[in-house]
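A.B. asks: Sequence:
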Amino acid sequence: MEPLGYTDAVRLLGTRAIGLPEPFVALFHCLSGGMPRDLLRTARAAVSQTSPERPRTLAETAAYLVGRDLDRGLDEVAPESHALFRDTLLHVFGEALTHEQMDLATDPDFPGSFDALAAVQRGLTDAGANVTVDIGTIRQAWGLPVAGAPNGTARSGTSSAPRP
Numbered sequence: 195m196e197p198l199g200y201t202d203a204v205r206l207l208g209t210r211a212i213g214l215p216e217p218f219v220a221l222f223h224c225l226s227g228g229m230p231r232d233l234l235r236t237a238r239a240a241v242s243q244t245s246p247e248r249p250r251t252l253a254e255t256a257a258y259l260v261g262r263d264l265d266r267g268l269d270e271v272a273p274e275s276h277a278l279f280r281d282t283l284l285h286v287f288g289e290a291l292t293h294e295q296m297d298l299a300t301d302p303d304f305p306g307s308f309d310a311l312a313a314v315q316r317g318l319t320d321a322g323a324n325v326t327v328d329i330g331t332i333r334q335a336w337g338l339p340v341a342g343a344p345n346g347t348a349r350s351g352t353s354s355a356p357r358p
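Quick note: the sequence shown, position 9, residue 203 per this note's numbering, numbers continuous.
Hints in this document: simulated from the structure, not taken from any laboratory. Errors might be hidden in some of the hints.
Beta-carbon label-pair distances, calculated as ranges [what the hints assert, rightly or not]: (1) E247 x D297: 28 to 34 angstroms; (2) A277 x E247: 31 to 37 angstroms; (3) M296 x E254: 27 to 33 angstroms.
All values reported here derive from a predicted model rather than from experimental measurement. We treat Cβ as the ideally placed atom computed from N, Cα and C, and that holds for glycine.
Could you put the whole structure together from the sequences, leaning on the hints where they help?
C.D. replies: This is the structure in structure tokens:
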């Protein structure tokens, strides 16, 4: 089965879960690698952790889902890349995304797009894939520290980064 792009993921979850805020859909898309079955499973796992009495923020949901993947041992193939990817997701989804950030990240041409994050997730399950470069590009696009950059800071050219 082919992975879904972000727009198709929004459509699929829109038919299955009415009223999911789009930043949550973006998180589920990134964690599922865009794979339809995994997208639905990820959304179900997140919904199971919330209730009318205890709604969850985007940051809480991201922390829960990233921790769940860690608990399931999904980082055994490339632990360093998984750790960097988890850190990236927690930064991207660790606070409320602005409309500007959402608009930018839904553009497939943006190097830090939700589709790029989903592609890295798919690559992490492939023992032969080297996704470290892709993660670095995504982190740079989001203005996050990049491994190998001086003092761990973002590389130059991050003026288009969605975070100030």
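A.B. asks: Out of the numbered hints, which ones does the structure contradict?
C.D. replies: As far as the earlier hints go, only 3 is violated by this structure.
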